[in-house]
Every structure is written in structure tokens, then in C-alpha cells.
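*Asks:* Just need the whole structure built from these sequences, with the hints factored in.
Line by line, the protein sequences give chains G, C, Y and B.
Note that my numbering has the first sequence beginning at 1, numbered continuously upward.
Note that my numbering has the second sequence beginning at 1, numbered continuously upward.
Note that my numbering has the third sequence beginning at 1, numbered continuously upward.
Note that my numbering has the fourth sequence beginning at 1, numbered continuously upward.
No lab work stands behind these hints: they were computed from the structure.
Keep in mind that a hint or two might mislead.
Label pairs and their calculated CB-CB ranges [to be verified]:
id, chain 1, residue 1, chain 2, residue 2, range
1, B, Met148, G, Arg277, 52 to 60 Å
2, C, Ser561, G, Arg277, 54 to 62 Å
3, Y, Leu135, B, Asp150, 46 to 54 Å
4, Y, Lys91, G, Thr261, 41 to 49 Å
5, Y, Lys91, G, Trp32, 55 to 63 Å
6, G, Phe263, B, Cys28, 26 to 34 Å
A quick note: this is a predicted structure, and the numbers were derived from the prediction, not measured.
Think of the CB as a built atom: it goes at the ideal place given N, C-alpha and C, for glycine as much as any other residue.
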Amino acid sequence: MALKLLLTLIIALVTGLFFLGLSRKMIARIQWRYGPPLIQPLIDIIKLLSQKSMTHGGLFNFGLVLSLAGSVILLLFIPLGEWCIMNKSGGLLVIIYLMLLAPFGTALSSGAAANPNASIGISRKLLMALAYEVPLLLILLTLMTYYNTISISGIIVKQQNAGWSLTILPLLLSGIAYILILPAVLGIRPFAIVKAPQEIASGPSVEYSGKFLAFAEIQHAFQTYITIALFVNLFLGGASNPGYFFLKMLVVFVAGILIHTVFPRFRIEQAIKYLWRWPALLALAGLAVVVILDKI
Amino acid sequence: MNLVYILAVAFTASLLVYLSGKISKTLRNFLAVLVSLGMAASVIYLYNHSFAIHLSTGFPDFPLVLRINTLAWFFALIISVVGVLTVIFSLQYIKNKKRTDFYFLMLLLVNVSMLGIIFSGDLLSFYIFWEIMSWSTFLLISYNRGAAIAAGMKYIIMSLAGSAAILTGILSLYTCFGTLIIAELAGNLSLTSPAYTLFIFLLFFTGFGIKNAVWPFHSWLPPAHSEAPSPFSALLSGTLIKIGTYGLIIFFYVILGMKKFIGLKYGFFNLQYMLCWIGAFTIVFPTFIALLQNDAKRLLAWHSIGQMGYIILGIAFGTSTGVAGGIFHIFNHAAFKGLLFLSVGAVEYRTNGVRDLNSLGGLLKKMPVTFCGALIGACGIIGMPLTNGFVSKWLIYKTLIVEKYPFLAFAALLGTWGTILSLYKFLHNIFLGQLPEKYKNIKKAPFTMQFPMLVFSLIIITCGVLPGIPLKIINRIITSFGLKALDISIWGVISETGALNTVNIFFALAGAFFIIWLIFKLWPKETKIAQADNYAAGAAVPRDKYNYTVNFYNPLYRMISPCLRDFIDEFYIRLAKITRSLCNSIKLVYNGDTGYYIMYIILFMTALIFIQIKWSIW
Amino acid sequence: MNHSMKNQLLSLFTEIQIDIKKDNEMIINAAKNAIIGILSFCKSKGYEHLALVSCVDWIEQKKFELVYILSPYPEQEPEFSKKEKTNIILKTRIDREQPEIVSVINIFKNAEPYEREIHELFGINFNGHPRLTPLFLERTYKIPPFRKNFDTREYVKKVFDEIPFIDKKEASK
Amino acid sequence: MDRNQISKWIKSPVKMGHKYSLHAVYFCTGCGIIEIPPSITARWDAERFGVIPVATSRQANLFLITGYVSLKTLKAIIRTYEQMAEPKFTVGFGSCPINGGMYWDSYNTIKHLDKYIPVDGWIAGCMPRPEAIFVAVTHLWTLIDREMADGYKRYRKNYKFYRSNQEKLYGKLEWPPLFQKDGAK
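*Replies:* Structure representation (C-alpha cells):
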């Protein structure tokens with residue numbers, strides 16, 4: 001049990017950091033630059049951890065550790081390949097709830113940093129979360145009603161024999177909606193409003209130095225891993241062995257990065273308007289279809 | 001030690017408190033705390049008893065019945081605990097205000113009348129105590145003059161309308177069944193015609209809905225909560241709204257009966273399903289209004305309406321987990337809403353009356369205990385795992401999803417995210433950010449204010465981590481309604497379609513937090529820096545202008561504020577205008593000088609004589 | 001047309017010399033107290049834009065020369081076509097020992113920063129100027145830096161070279 | 001460029017970490033900043049050496065002072081330098097920070113930057129080209145290797161002298177001293 005726990009954490013960290021390194025390399029190559037080595041995020045973390053850092057008090061530390069703990073906890077609930085550690089306590093409902101732990105943690109810690117850039121950053125982060133939560137909740141509810149279970153590994157088992165839920169016709173609408181909001185959940189370019197380095201001096205992490213920045217980077221890596229793993233588990237029928245699972249995640253992430261490099265950044269109103277218009281309507285239609293199908 | 005003694009002693013004691021106030025303030029304070037503690041102790045003593053006492057009043061068939069069962073005991077516990085803590089909190093809060101004796105008298109009266117409602121076994125005593133509660137609340141809401149009087153007026157008008165509806169309901173029940181005792185009324189409402197049940201349903205729903213601040217009758221709550229003194233608004237939103245829910249529960253499950261209520265159909269409408277939708281709408285609409293408020297207490301008031309939506313949704317849903325979730329949420333909401341209002345009260349007490357979210361900030365360093373209380377309260381109301389809010393909301397969500405009502409579940413989940421945003425705004429604008437100059441030398445909240453907050457936080461955390469304790473009592477309540485009991489363990493719910501295991505989550509979260517905290521401490525020690533030493537692109541940090549809290553979610557405000565106008569409130573105000581103009585027109589006839597009245601009499605007499613001559617009716 | 005302007009000015013004001021060098025530049029030399037009159041007259045004539053206020057230090061004649069450059073906004077030009085838009089350059093000389101002049105701020109509001117700058121760098125004080133606080137410089141100077149008798153080399157030697165290097169000071173500790 | 005020698009990583013990861021992830025403060029002083037954008041975009045990509053501009057001074061450990069330093073800018077430079085997390089390196093860019101450059105006799109610019117903040121590397125030239133930046137970066141690597149890039153240590157040790165120099169220039173400073181006793185925070 002403890003070994004499996006440790007293994008998921010290490011795999012998640014390695015894949016997360018690999019994805020970040022890959023994204024920087026791909027962005028560079030698309031911009032005709034040579035770009036940093038793939039392990040650049042690791043080098044950054046080593047450097048940051050060896051730097052002295054400055055803190056604004058107890059809550060500043062507590063919030064950061066809470067956000068990282070929230071991401072780590074979320075990892076235990078999401079099945080990697082076929083084994084999922086916390087399978088019997090709460091299922092998808094608890095995942096929805098634990099998803100709010102990490103943003104709340106960073107919000108608390110950067111609020112204590114008493115810097116207006118950080119406050120503007122958090123208000124954008126929470127607004128973004130509210131914006132993409134509307135379609136995301138609808139999609140998760142469609143899945144729960146369609147598969148008639150609230151445990152995520154149950155959904156995977158059903159997908160194993162009925163084929164990917166992306167290919168199942170009634171779930172197509174919500175699948176497309178999920179793809180539309182994936183950049184927002186990942187926080188990549190068209191929706192990279194929270195960590196905008198030019199406008200609000202990298203938003204919530206304006207006062208992070210040294211090891212705080214390293215922890216924020218690790219949390220970002222976990223967050224990327226979780227979002228993509230959730231999508232793969234729910235819609236691409238999370239694979240039996242981890243290798244196959246990793247391949248699917250890679251495909252999804254590369255598509256995301258291609259979008260990331262070529263898009264400018266939305267303003268927060270445009271992002272909310274967009275997210276509440278098209279993906280939300282699609283998700284609503286998907287839910288309606290599933291409910292009607294269920295009633296017949 | 002039966003109920004009559006409790007109520008009698010409590011009433012006389014509250015008068016005694018008022019009189020002792022004339023002698024010496026400390027004696028009055030001591031007595032007030034003693035009375036409320038006595039009430040709480042007696043309620044706890046009555047743990048497992050369930051008996052009824054018939055008191056014969058003058059009239060033969062109107063006996064005053066006082067009874068207690070697990071449901072009554074559950075509500076009595078909430079009322080007395082919140083009552084004790086608010087009395088302790090207001091000792092310091094009221095110290096330098098005027099008319100303090102009057103305040104304590106009213107506070108104790110409200111507490112006692114609420115207990116009276118819970119203990120009353122028949123509808124007559126229920127109604128008497130209901131009236132005592134209503135007008136004492138009105139006097140307390142309009143306690144600090146000015147805008148509070150208008151808020152109180154709005155409250156008293158709506159609650160009078162509610163009491164009128166309840167009174168007509170009680171009378172029609174009496175004429176129809178000849179008895180007022182709830183136990184006897186229990187079964188026989190189901191025999192009558194559906195039209196009559198709809199009539200009774202509408203009457204009681206409006207009556208209790210107004211006190212419960214359900215969506216169509218919610219508009220009295222925001223002004224009432226924000227104008228009332230903070231400890232009382234904690235009591236108001238902690239327990240007073242729950243009395244409306246108690247009334248609804250009594251009506252749905254006891255008078256109407258469980259089987260009749262589930263499929264309560266009237267022609268095409270399924271009333272129960274409609275009630276669920278009203279609950280769902282009450283969750284979403286006020287939470288998004290709360291998001292855009294700039295006054296701390298008004299923000300919390302709108303959240304009270306939102307959370308009541310969860311309770312209505314839970315109770316109206318009818319399945320055992322749904323009702324259990326709804327009732328458990330009553331207990332939780334009393335705990336964290338009381339805590340949040342007390343923390344605003346402490347901040348208001350220290351910054352003498354400032355609760356505007358745009359001008360506060362940075363009080364975390366000056367009032368750490370109040371901040372911890374507010375943080376735990378916020379986690380509770382959001383339903384963060386490890387707090388009690390999480391368990392009750394989880395129960396409600398599970399039934400909604402398992403019973404295949406996804407749109408209701410979506411409304412509830414959306415309400416949660418709205419709560420997160422607005423509660424973070426509440427925490428951020430008051431406690432985080434830069435400390436303004438004028439609050440530099442604020443002291444900590446006094447101990448009598450911190451103690452209630454600590455007790456509430458303890459309740460939230462223990463019920464969050466070990467929900468088995470309250471769920472055991474709630475199981476007994478559900479079985480008393482005839483529903484199937486939940487199979488619960490000390491740390492959560494065991495069921496095949498998806499169990500909840502809070503201790504599992506607790507150990508996971510505590511373990512992860514501890515490990516990461518260790519790793520965090522492993523690296524070079526971080527140095528603490530002052531608040532002014534902040535990144536400002538190389539420039540000096542401008543004093544007092546370096547704090548971004550003014551209208552925190554402005555982009556969202558610009559987008560959704562036009563469609564969040566409170567149509568119901570405007571409808572009521574228009575209604576009030578129409579009645580006033582109507583009354584003015586009547587004033588033309590009754591304009592007060594007797595000459596006109598004599599003329600009217602003479603005219604009327606002539607008319608009568610004329611009719612008699614013409615058609616000689618008699 | 002600017003000749004008509006020139007004749008009107010000559011008729012209105014005494015001790016004033018006007019000569020038009022190129023076709024779109026009219027240089028007016030006037031006395032210190034005539035400045036306000038000339039400026040308001042030109043403003044009424046459509047020269048609403050005070051482009052610049054600058055100062056020249058004639059140390060030999062012990063004079064400061066203040067230069068006001070006015071130019072009309074193209075669209076408000078009454079009768080001048082684009083080609084013949086003339087700029088007025090108004091010069092006046094004030095004594096160098098007590099440099100005093102009345103501020104033109106109530107005719108042209110945008111003169112405020114120019115006059116503050118000249119006050120800070122030349123030491124001329126403008127009566128009636130609301131805010132003569134320092135604008136650019138961090139330190140205080142006995143002789144305002146833009147004056148010709150301010151010896152920068154000597155100032156640098158006195159201020160910057162006095163500040164010791166860290167290594168030498170640390171070695172000597 | 002010994003980035004991919006694993007043995008060095010294992011022996012001294014801290015030094016290698018600092019060498020191959022220099023996050024530069026995006027701080028524009030004087031005329032040199034026009035050289036930074038070309039050095040981080042396609043033609044002379046600085047990111048391949050791990051040098052990227054970051055938004056705030058807190059997140060940075062390399063401070064490029066690009067061009068002449070006027071008295072007003074020096075205040076901002078000192079404040080930014082003190083906000084950076086240790087270990088931090090500064091590079092004087094162009095001839096003006098070295099000895100005043102063409103503003104050698106100006107009343108408003110400071111002549112020797114290292115009288116006020118410690119400087120680890122210099123790049124001569126009146127606006128050196130982007131390649132010169134990479135020469136400086138590689139030079140900084142060797143300094144870090146040989147433990148000679150100790151600007152922040154000198155600042156901490158002689159903070160009294162630095163502070164007195166700064167006060168000589170400005171009279172009373174608005175921000176409190178960074179280190180109370182000599183060397184302790």
C-alpha cells in the first residue's frame with residue numbers, strides 16, 4: 001500500500017515535470033529557438049530549493065503547504081492505470097470537492113503576501129475557476145448519470161468494455177465541451193490570465209522566492225498531471241498499464257501545447273463570456289440528452 | 001424536571017435579568033449567562049426522554065401540550081448552545097452601548113420563546129410562542145436605531161403576514177379535525193380531499209417559508225441581518241431561521257405524514273418536486289448576489305438564504321440520506337454561520353463599527369484568533385473536507401445524483417463554487433492584504449468574544465472529522481419519520497453506491513500536510529520580512545494605497561449585476577406603494593371631522609327608508 | 001497675414017522688436033513686464049498651444065533669457081493655410097542676480113512643469129506658481145546645475161569621488 | 001558548458017543549479033535594455049543557457065544593470081537588489097556602470113556602480129551586443145565554479161560600508177537597513 005502510494009507520487013511528479021520541460025522545449029522550437037533542455041524545470045527546482053527565501057508570516061507558509069497537500073491528496077483519488085489508492089472513500093464527488101483545496105491554499109498564502117499584484121491574481125484565479133467550473137460540473141454530472149455510479153474506477157471499468165466514452169454517441173457533446181474547457185483548466189495560453197507575467201507580475205506568485213517558488217512549481221506540475229489524468233480516465237478510458245496511460249496523456253498534452261504557443265491571452269471578461277457561452281451550452285445539451293435517454 | 005418548570009423559570013429569570021440591570025451591570029451579566037447556561041443544561045439533561053405533559057387551560061378542548069422527542073431535543077440543543085454562546089459574546093460587545101438591559105431581556109426572550117416553540121406539542125401554544133419570538137426579534141433588529149428601524153419594519157410586516165397564514169391554517173385544521181394536538185393531527189390529514197391539502201400546504205408553506213427566508217419570501221433577511229447587532233444576527237441566522245424549517249418539518253413529516261408528502265400531487269403539479277426546485281433556486285441566486293456585496297454582514301446574510309436552500313432541498317427530497325443531509329445541515333449551518341457573524345462582530349467591535357469590505361484589510365496580524373475562527377467558519381460553509389459542512393453537503397449531493405436528478409445537483413454544486421468565491425472575498429478583504437494606517441494599534445478581541453468562536457470551531461471540526469456522533473441522533477429522527485435509517489459508522493456513511501469515509505480523508509490530508517510541512521522545513525530557513533518590504537517594481541510601497549480590495553470581483557460584477565436585480569424585492573415595494581395609495585384614497589372618506597360622519601349616517605338612513613318604502617322588504 | 005499680426009503687435013506694445021526670419025517663424029523680443037500682455041494677445045489670436053518654455057544663461061551679460069514658443073493648433077488656424085503656419089518665439093531677458101519673473105500659468109496651464117524645471121535647474125523663481133517643488137533632482141545644489149558657472153568636473157570630484165571604494169575601505173579597516 | 005556531466009550534478013548540485021538556471025530580473029535602466037529582447041528571442045536565444053527574464057525581483061537570481069545609472073534609478077536598483085533572494089549575482093552592462101562612461105562628468109549619474117551595490121561581472125562596450133551577454137554568462141559560470149561570484153557575501157559582510165555610501169549620496173534613506181548587525185538578517 002505505502003509502496004503504491006509512493007510510486008504514484010513519483011510517477012506524477014516525473015510526468016508533470018517532464019510535461020513542463022516538454023512544453024518549454026516545444027514553445028521554443030515553434031518560435032524557431034533552440035530552447036532549454038527537457039530537464040530545465042528540474043534544474044530550476046534544484047536552484048530554487050538551494051536559495052534562501054523570504055516569508056510574510058505563518059499564513060504565507062500554511063497556504064502554500066495546504067495547496068500542495070491538496071494536489072497530492074487529489075492524486076490519490078485519481079486512478080493511474082488500473083490501481084487507485086483511495087477507491088472506496090467518496091469517488092468523483094470527493095474529487096470535485098478536493099479540487100477546491102489547492103486554489104484555496106494558494107489564495108490564502110498569496111493573500112497574506114499583501115501585494116496588489118497577488119490580490120488581482122487571486123481574484124482572476126477564482127473567477128477563472130468559477131468560469132470553467134460551470135461546464136465541468138455539467139460534464140461530470142452527465143458522466144455520473146450515464147454510468148450510474150459516482151466512483152471513478154467504476155466508470156473506467158464500464159469504459160473498458162463499452163469503449164471510450166468519447167466515442168459513445170450520447171456523451172459526444174460533453175466530450176467536446178470538455179475538450180473546449182481543457183485549456184482553461186490547465187491554465188495555458190488562451191486562458192493563462194492568472195500567471196500573466198507582463199500584466200500582474202506573475203499574479204499569485206509575486207512574493208514567492210526560493211523554496212516557495214519551487215513548491216509552487218511542483219504544485220503546478222501536479223496540477224497539470226491531475227487535469228490530464230482526469231480527462232484521460234473519464235473520456236479516453238484510462239488504460240490498463242501505466243505506459244499506455246502515459247501515451248494518451250502525452251497526446252492530449254501536446255495538442256494543448258500547440259494551442260498554447262499560438263494563442264494570445266484572453267482578458268478575464270472575455271474568458272468568462274466564452275466559457276459560459278459555448279462549452280456551457282454544449283455541456284447542458286449533453287446532460288439533457290443523457291437525462292432524456294435515461295427517462296426512455 | 002419537566003418542561004413547564006424550564007419555560008416558567010426561564011421567562012421569570014429573563015425579567016429578573018432586566019431588573020437586575022438597574023442594580024449593577026456585572027450582576028446582570030452574570031445572571032444572563034446563568035440563565036442561558038441553565039437552559040442549555042436542562043436541555044442536555046433531557047437527552048433521551050420523550051414524554052408529553054397536558055396542561056388544562058381554562059377552555060375545555062384547548063389543552064396546552066408540552067412534549068419532547070428526538071427532533072425537538074435536536075433543535076433545542078442547537079438553540080440553547082447558540083444562545084449561550086451569543087449571550088457570552090454580547091457581554092463585551094454591548095458594554096459601551098445604551099439600553100443594554102433591554103438588549104439582554106430581548107435576547108433571553110427570543111431564546112426562551114424558541115425553546116417554547118420546540119417544546120410545544122399543540123398548535124395553539126406553538127402559535128403563542130411563535131408570536132413572542134416574532135415581536136422580540138423585531139425589537140432586537142431595530143435595536144441600534146437609524147436604518148435598523150426600516151429593516152425591522154420590513155421584517156415585522158412579512159412575519160405578520162406569515163403568522164396570519166399560520167393562524168388561518170391552524171383554525172382551518174381545528175374546524176376540520178376538532179383537535180389541535182399535533183400527535184392526533186398526525187395521520188388524518190391524508191384522508192381529506194387534495195384541494196384541502198393544497199390549501200393547507202400553501203398556507204403553512206408561506207407562513208414557515210417567510211421565517212425560513214425561502215426564495216420568494218427572502219427579501220426581509222439581508223437588511224434585517226446587516227442592521228441587527230452582530231451577536232443577535234448570529235442568533236438570528238443561526239437558529240431563528242431554523243425554527244421556520246422546524247415548522248416545515250413538523251408540517252411535512254408529522255401532520256402531512258411521510259407517505260402522503262412523497263408523491264404530493266395536485267392535478268398536474270408535483271408539489272414535492274416543485275419544492276426541490278425552489279430550494280435549488282434559493283441556493284444559486286442569493287450566492288451570486290452575495291458574491292457582489294461590499295458589506296460583510298450583508299454578504300453573510302445573503303449566504304444564510306443560500307444555505308437555507310440546501311436545507312430545503314435536503315428536506316423536500318424525501319429520501320433518507322436527503323432528509324438526513326438536510327437536518328444535519330441545519331446543525332452545521334447554525335455552527336459556521338454563527339461563527340462567521342461573531343467574527344464580523346469582533347472586527348466591528350475593535351474597528352468601532354467599520355464592516356465595509358473595501359476599507360478593511362490586514363487584520364490577520366492584529367486579530368489572529370478571530371481570523372482562525374473566520375477561516376474555519378469559511379471552510380465549514382464552503383464544505384471543505386474535514387469540516388461538518390462537507391458531510392452534510394456530500395449526503396445531499398449523493399442522493400441527488402443517485403436518484404437521477406442531475407440538474408438539481410448542478411444547481412447545488414454551482415452554489416458551492418459561488419460560496420467559495422464570496423467567502424474568500426470576505427476573508428481577503430478583512431484579514432489579508434495590507435494593514436491600513438488607522439488600524440495600526442488595534443488590540444486582539446477580548447476573551448469573552450474569543451471563547452464562543454473557539455467553541456464553534458471545535459464543533460465544526462469534531463463533527464467534520466467524526467460525523468458519526470450527530471448522525472446517530474439524526475438516524476433516530478429519521479426513523480421517527482418512518483424513513484429507513486442510514487447505516488453509519490463513527491466516521492462516515494457506508495453504502496454500496498459510494499461510501500464516505502471522513503477519517504480516511506482526514507488521515508490522507510493530515511499525512512500529506514505533515515510530510516510536506518517536514519519537507520518544507522528541511523530546506524534553508526526563510527527569513528521573515530515586514531509588510532512594507534514588498535515588490536513594487538523598485539518603487540517605494542505607497543502607504544495605504546497599496547491594497548487592492550475595492551470591489552474584488554469587478555469583471556464578474558460588470559457582467560452579471562444587471563441580471564441579478566432582486567425582482568421579488570421590487571415587487572414587494574411596488575405592492576407596498578399600491579396599498580399606501582389605496583389607504584390615502586380611503587382617507588378622503590374618513591377625513592376625521594365629525595360633520596362628515598353625521599352626514600353619512602343621515603344619508604344611509606334615508607337610503608334605508610327609501611328602500612323600505614319602495615320594495616317593503618320587511 | 002503674419003505681417004498684419006506683426007503690425008498689430010507693434011501698434012499695441014511699445015519697446016518690442018519683431019523680425020520674421022523664415023516665412024513661418026516670428027521672433028519677438030520684449031521686455032519682462034510685457035510678456036503677459038503679448039501672450040494673452042497671441043492666445044486670443046489663435047495661438048493656443050504653448051509648445052515650450054526654456055531658458056538660456058548669458059553669463060557674460062549677466063542675463064537669463066526666457067524663450068516662450070507658441071504655435072497654433074492646425075484646425076483653429078483662422079485664416080492661415082497649412083503652409084504658412086507661423087510659430088511665435090517670444091524672448092525676454094531678466095537679470096541674473098535676482099532672477100524673478102511672473103508665472104504664465106494662468107494663461108497657459110501646461111506651463112507648470114516647464115517653469116518647475118527651470119526653477120530647479122536655473123534657480124529662477126516664478127511668482128504665482130503653485131508648486132515649485134523639485135522635479136528631477138535627488139540632491140540639493142548650492143548653484144543650480146544648468147547655470148554656466150556650475151563646474152560639473154569639480155562637483156563630481158567633490159561629491160562622487162569622495163565616496164570611497166568598498167575594497168579599499170575594507171582593507172584599511 | 002558542463003551541464004550534462006552527471007558527476008558534477010551529484011558532487012555539487014547547488015552550484016550547477018545556479019549555473020544553469022539564471023533567472024534575470026526584467027529591470028530596464030539606461031539604454032542597454034534594448035539589447036535584452038533580441039537576446040531572448042529567436043536569433044540569440046538565451047533560454048538555451050537557462051537564462052529567462054522573470055517578472056519580479058523575488059523570483060530572480062541574476063540582476064543585469066544595463067546602461068547609465070542616474071541618481072533616481074539607483075534607489076530603485078538598491079531596493080530591487082535587496083529584495084532578491086540570496087545567492088544573487090549582478091552584472092554591470094556597458095561602460096557607464098563601470099566608470100561613468102560618456103557621462104563621466106555628469107552631476108546626475110553615479111560613476112562607479114560597485115560603490116553602492118556589489119557587482120560580480122562587467123561587460124565593457126558602449127552598448128555591447130547580445131553575444132557579449134552570453135560571454136558574460138559563461139564568465140559568470142566560471143566565477144560560480146570557482147566560488148568567486150560572491151557579491152552577495154560581500155554585501156552582507158560590508159553592509160555597513162555600502163549603507164554609509166548610499167546615505168552619503170541620499171542623506172536619509174526611506175527603507176530600513178537590510179541587515180541589522182554585521183551579517184545577520
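*Asks:* May I ask you to test the hint 46 to 54 Å on the CB atoms belonging to leucine 135/Y and aspartate 150/B?
*Replies:* About 40 Å separates the Cβ atoms of leucine 135/Y and aspartate 150/B, which means 46 to 54 Å is violated.
*Asks:* Using the Cβ atoms, figure out if lysine 91/Y sits within 41 to 49 Å of threonine 261/G.
*Replies:* Violated, since lysine 91/Y and threonine 261/G (Cβ atoms, about 59 Å apart) do not stay within the stated range.
*Asks:* Are serine 561/C and arginine 277/G spaced within 54 to 62 Å by their CB atoms?
*Replies:* violated (18 Å)
*Asks:* Could you tell me whether the CB distance from phenylalanine 263/G to cysteine 28/B stays inside 26 to 34 Å?
*Replies:* holds (27 Å)
*Asks:* Taking 55 to 63 Å as the stated bounds, is the beta-carbon spacing between lysine 91/Y and tryptophan 32/G within them?
*Replies:* At 57 Å between Cβs, range holds.
*Asks:* At the C-beta level, are methionine 148/B and arginine 277/G separated by a distance inside 52 to 60 Å?
*Replies:* Holds, since methionine 148/B and arginine 277/G (Cβ atoms, about 59 Å apart) stay within the stated range.
Violation of the numbered hints given earlier is confined to hints 2, 3, 4; the remaining hints are satisfied by the structure.
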